[in-house]
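Asks: Build out the structure end to end from the sequences listed, making use of the hints.
Protein chains in written order, with my numbering: chain A, 1 to 339; chain B, 1 to 534.
Note that these hints are calculated values from the structure, not bench results. All figures in this text were calculated on a predicted structure; none of them were measured in a lab. None of the hints are false.
Covered, in the sense of this in silico footprint (three residues per stretch, anywhere, with C-beta under 8 Å from a C-beta of chain A), are these stretches of chain B:
1. 63-70
2. 309-316
3. 449-456
The beta-carbon is built from N, C-alpha and C at its ideal position, and this holds for glycine as well.
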Amino acid sequence: MNELFRTLLNLPEQASSVALRIDVLHYVVIAVSMLGATGVAVAVAVLLFRFRRRPGGHPPVSRGHVPLWAEVTMIGGLLTLFLAFWAVGFRQFVTLQTPPANSMPIYVVAKQWMWTFAYPDGSATTDDLYVPVGRPVKLVMTSRDVIHSFFVPDFRIKQDVLPARTTTAWFEATRAGPHDILCAEYCGLEHSRMRGRVIALSDDDWARWADSRATPAAHDLATMGARVASERGCLRCHTVDGTPHLGPTWAQLYGSTIVLTSGDRIKVDEAYLTESMMDPALKLRAGFAPIMPTYQGLIQGVDVAALVEYIRSLADRPLELDPPPAAPLPPKPIPTRAP
Amino acid sequence: MTESPLPESFWRDGRGLRGWLLTTDHKRIGILFFFGTTLALILGGTFALVLRLELLTPDKTLVDAHTYNQLFTHHGVVMVWMFLIPSIPGVFGNFFVPIMIGAKDVAFPRLNLASFYVYLLGSVVTLVALVAGGVDTGWTFYAPYSASTNGAVGWVVTGVFILGISTIMSGINFIVTIHTLRAKGVGWMGIPIFVWTIYATSIIQVLATPVLGLSLMLVGIDHAWGLGLFDPAAGGDPVLFQHLFWFYSHPAVYIMILPALGVITEIVCTFSRNPPVSYRLLLVSALGIAFVGFLTWGHHMFIAGMSTFDSGVFGALSMLVAIFSAIKVFTWVATLYGGRISLGTPILYFFGFSFLFVFGGMSGVAVATSSLDVHWHDTYFVVAHFHFIMVGGSLTAYLAALHYWFPKVTGRQYSGRWGLVSAMMVTLGFFFTFMPQFLLGNAGMPRRYYSYPDRYQWLNVMSTAGASVLALGLLLTVGALAVACVRGKRAPADPWGSASPEWQVPSPPPQHNFVTPPDPRHGPYDYDGRERSE
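Replies: Next up, the structure:
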């Protein structure tokens, strides 16, 4: 029965401890709505037909007066029904707003257009949130710029994330696997691509994942840079194969000479790359919008070094000449506001 | 072919174009508003079509993300402030309220003309934004994004501010007109329900619009000079903006829907030749919606960071709106009972409306149920919900009004067959545009999404197909009515057999509305009395 309704209504899978309860209320409310609307439309159709004007007319029908008790019953009945929806819904809402005491806290920072998750052990990930199945997780969320909204359809939870304010949400995943995180509050150019995943892990996988975080495998600096680039969300805007995207591609970037919006030319070297991470708008490359946020204070020195090393390793990378199958967003200059 | 030329009427005053541009005749101002709002509808509709075409594929189809974000912003701004809010009051309210209460004009004819020019100015300023870089904030202007984004935010908020002044001018004019200019013998309980709904709407306009104007002005100042009232970086509070914005914008929903409910009442009564089963309930529910509408704005903010307690209170209060709306629906249905119903394009629109408005309203009950709203908030479910009310309710009723009063305004009849075809296309097109969007919202597709996960595509394709049918239906309506303006048969004074005062004057009405003084002995729904005395 649940599966039938869930499929009919095109609801995503129920992957949290609250999803089923909320969906059952959903089924009832929508069924009542659909029956009510159809009932009214059918009544109108029947009356339009039954009392249509005919030659000779139909025998007059006594309409009488609608008695007061009928009005009161009708209005009172509807009000009771709607307030019943409200009462059940509000109880569930209070549950959604109240994280259980034993929840594991995870700190969430949203910014245009990525999610960063910081775990109790001090580690952090970008866009992918790793959680154990069967354990309540409390999200303590804030935003660095505008309002975002943390939405996991599979969990039936959503909470706005505001700048300079902390909001909380919680969930207990009941099914392992990736579950989409979608930003639900419009936040600008790349709002619809501000997506992430909740990776819900079984107990064993969770333990393994936690271990792997504790002792990162040794890598050379460029490989480490590649990992930093994907974890920090750099690759959402920069490509490494020459494909045009929101930010300049990193392929054959190092050592090249580029033109800035000021008209100046500059040779891309370690200093320019580092400066551009910390103050991206200062020497903006011509043809690109000033949309990159600063990473000042957000990434550690070793990560900066690793990133620079990674970009340097791409200096000889052949450019991807064939157009990619899915056309990426072409870089579009945004009209800048007069200072 | 064309029959005998029309009799002397308000259409001719011998002053040519000047007579139109400087007119203080409420009927001519209604016609001016008709052209203004129709242009806005075409413009907003074109934006909507581009949006729908863009959403045919999960990534880029037609335009880039930045343009898409601007398009949905301008679509909302144009449709809400340049079409929906001024449409029924500006066109049909202006044209018919004075006649319905037995007056020669509104209380302040020059203020009435001014309200049109202020509307025009506001519209032009709003549209300047299109060429001045566009705006990508969404029609809700949520801070702090609206304060920090590039683009012509200043133009749009100034334009909407000016449009708000026009709204307030119209509102004051209607209130004073209905209070002071009712003909001798026309009591408060003797005016058509349509006048009551315009009255209730006017009260909301006068009380709520200033709050919108001030909030938008503050956003404009935040954007232009970085005052930071709503920007936490400067110590401001973005949630405060949401409270102020919805304090206006929720009642604004009733500015858009109440006149529609008035139109539907007139059509149901006229076509069934039955007085409303309860005049009193229709009147109480119109005023009730207007009042309760001021107490429900928080249901837009359940997950915005408002307190849990507040969410509970706003959720419960929101249910009252559904009660008042349900009273109206039941009254209409009961009014049909025992009637002598003639079928025509307007009553066919009512049939479509009865489903769309009830389901749209019930989906409002659904989103006022707070735990369900957590999943639906800011998804296509909400988009579908308010389009059911705004398009399925207001626009459908506007088209019904157009077909209902067309013979009175133009003095000509339109083709019932084409009316039937276009009404069916509009209703079905609408249904297939927005039903899939409920399912998209259930699946979790957020609104204002330029690109979306592949699994949402088939429903988006269906919605775009429906939108194309809807657009064709609207074009057909415009075409059929335009043809009827030129070649339609002459319409008698009262083609539908109504008892309402506007049908007792010639079609089209003469310059000063009445040839003989209005007869207050028969109420607007006194069909039998009217028949006997004829």
